[in-house]
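**Student:** Spelled out, the chains give:
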Amino acid sequence: MIVAAFPGFLLAGVLFAAMPIALHLLTRRPPEREPLPTAQFLTRDARTLLRLRRRPTDLLLLFVRVLFALTLAAACAGLTWTGQRSGAARVVLLDAGADTLSDWDVVLSEARRLQSETDTDTEAVILAYGLSDGHRIVNASDLERLQRAAQPATAEAGLRALRSAVLESQWETVESVWLTRPSWRLWSPDIGLLRAETWPGRAPLAPLVSAGAPSSGADDSNSGAAEVLAPPASASAWVFGQATASPLQRAIEALGVRVVSGVEDTDANPGWIYAEQPSASALEELLNWADQGSALVLSGQLTSARDEIPWTITGSSVPGLREAGPASTEAGPASRGAGPASREPSGFVLLGHSGVIGTAVVRQPGAPGTDAHVVAVFEDATPAAAARPLGEGCVVYVAASMLDPAVTASPDFPRLVHALAEGCTSVESSDSPLDRGALLSLERPDLPQTVNAASLGTTGYPLTLGLLFLALMLLALEIGLTREPRV
Amino acid sequence: MSWAKSPQEGRSRADATDLLPPELLERLGSLDLVARTIVRGFVSGLHRSPFLGSGEDFSRHRAYQQGDDVRRLDWRLYGRTDRLYVRLFQEDSNLQGFLLVDQSQSMGFAGGGSVSKLRYAQFVAAALAHVMLRGGDAAGLASFGERTVFHLPPRNRSGHLHDLLLGLERLKPGGVGSASSAVSEVGAGLRRRGRVVLLSDCLEADGGASLLGAVGQLRARGDEVIVIRIVTPEELGEADAGPARYYDPEAPQNAVDAVPGADPGFRERVDEYYDGLRRGLEERGAEYVPLTTAMPLVTALGGWLMARARREPTSA
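Here the protein sequences line up with chains U and S, keeping their order. Using my numbering, the letters of the first sequence map in sequence onto residues 1 to 487. Using my numbering, the letters of the second sequence map in sequence onto residues 1 to 316.
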């Protein structure tokens, strides 16, 4: 199958090719008259008129010119020979990185099971990624001999491997199953944006029984609801720079958390401190409190960049707030998928999944800094808050204003407060299991189960150079024909 | 008839000009220069010019026969060989001749070459004028196109060659000509026995019958008639001409869609026409010289003149 990168050139080529045909028809000459004193001895040749009207040389020239136009247009259109796609396939996306080391036997048996349970009319293949040499399709019998990499493989690497393998294949439709241990090491800040672009279909995670990781299919939504709604362990909060009766303070107090009016109002460090857009001097002081054991929650535009802050402002040097916009007001895949499970205890909060916050919340640009833990994501799986330990305490940055009434009035507010206050303790290490919302962001159950491989793009043999060469040859032939003296 | 001897010139010069194509001669520009170049080329190859002139020119010896004039006995030879020989001389004659050039429209045809039939005829006529005047004969110039035009009467005086070449140079193709009427008119213009050299493509509307009739009349009168036919290879069907609507320049209304190169009958019919003309001329004692514009002039003209010289009867 031949596909064009720029199909518009093909249409232009057809119009271009029509020009010599039109010129040929318009400039068709009447029979040439030639003097010949001995013409009286000639006999009339009935075929001569036909020969004169349609000279073989002219027709060949016309053919060459038309072919030249079409070839040039095809070369500009970036044609690629992709071969004919057919058949359906099921790709078992096998994480062969360091994350699955402890469960490797389980992973292998699960991979074999998934392959063997595939329908007979569907080809089942195992695509291993996170190998020392990248990724490749492997036989079930070769699984034990894989050269695994020592580093964990990210979800992004898995998605790119899946896309690449499908592009190189001849399958027409593909569905995939993900076989991995879903820890935070799988995560990447941009996964929310990359996910649908890289693989526009579902990638359900197969449950690993002994992995201990939360399964996307497990329903444990009620198991820890009380913990979420309970006040954070350090149940005293100081809202820096706000009046005592601010909506945020009232909302925090409603959770049973004691709100202090300042450091002098408490015997020890406040459990957590919320400061929105503090000045440089205030930030210095607040970081000292965090160093002594408080959980410092920051938001808004910060006037000084400190390494302790777990957020990196990207994009504009003046990080103005970005409207969430209509896209974020829609219930995203994570929010839809997380709907029934939103009450489950988790250190990971879907901000605005209910649609109340999402319609009004504004986001601060940027991304979690190096070594920072993502403790909350927006409904499109973009990181919303990140935490980093500092001394005995913790520094958390949240990319939305906690003073926004839409936030405080949200049913998710208690979970958000809990996640922020426990930012550095709830996610102790990067190999902690992914939150259900993050899992859904990877699985994307809202997308089609099967993906048409042709929609991913094109790979194959580019024909541009060959077509350009052919066009040059035709041009040379055309020049040769036009230089040839006509009989 | 007696013709003056031509000056003998170096053979090396002849070698250089033997293969001069008409296109090259055309570049020489001056018709005088062209004529002299041609004449130098072939005169050196001739032991004697066929257009020899007047004088008591010795030709050869012949054994004495009874009745021969004893005044022609060569006594010196008798003294050496003790045998009687008579000396033979060429005829002493001052011939009047006309160069009759066809300048009709069809003579402007050049075919695939760069030299038209008229131009080629001008070359030939100029060369012949050179030879004739050198031999002491009188040469005049006439042409015919729409009508017959007498340009110069037959003369042999200083400066006449220049006039002849100038007259030839002024000829331009045009009109529909008839060689038969021109030959008759020129023949009538000769006050005594003379020579008419016709340079034409000889394409006559009546198949050449009237031309043969006119030639026959001149021959019956004792005039010498030389017909130099000049055509292009395309007209003979020797060149590979492609499909087109062909027409006779002198009858453009009669066009025919044809492919001469793919019509074997075309060449046969042209050959048949000229063969008939040749036979008719030979039957009437006229000389027929077929030339094409592709022939190198020195070779074509020189070959004919040498052949003519070999068969020229020497008179006793």
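Hint data in this document are derived by calculation from the structure and do not stem from the laboratory. Since the model is a prediction, treat every value here as computed from it, not as a measurement. Worth double-checking, as some hints may not be accurate.
Short, incomplete list of chain S residues facing chain U, as computed with Cβ under 10 Å [as the list claims (entries may be wrong)]: (1) Val-149; (2) Gly-216; (3) Gln-217; (4) Arg-219; (5) Glu-235; (6) Tyr-247; (7) Pro-252; (8) Asn-254; (9) Asp-263; (10) Phe-266; (11) Tyr-288; (12) Leu-291; (13) Met-295.
We put the CB at the ideal spot given by N, CA and C, even for glycine.
**Student:** With reference to the structure, classify each hint as holding or not holding.
**Tutor:** We went through each hint and held it up to the structure:
no.	hint	in the structure
1	Val-149	violated, 21 Å
2	Gly-216	violated, 24 Å
3	Gln-217	violated, 26 Å
4	Arg-219	violated, 27 Å
5	Glu-235	holds, 4 Å
6	Tyr-247	holds, 6 Å
7	Pro-252	holds, 8 Å
8	Asn-254	holds, 7 Å
9	Asp-263	holds, 6 Å
10	Phe-266	holds, 6 Å
11	Tyr-288	violated, 17 Å
12	Leu-291	violated, 15 Å
13	Met-295	violated, 18 Å
Violated hints, in rising order: 1, 2, 3, 4, 11, 12, 13; the structure is consistent with all others.
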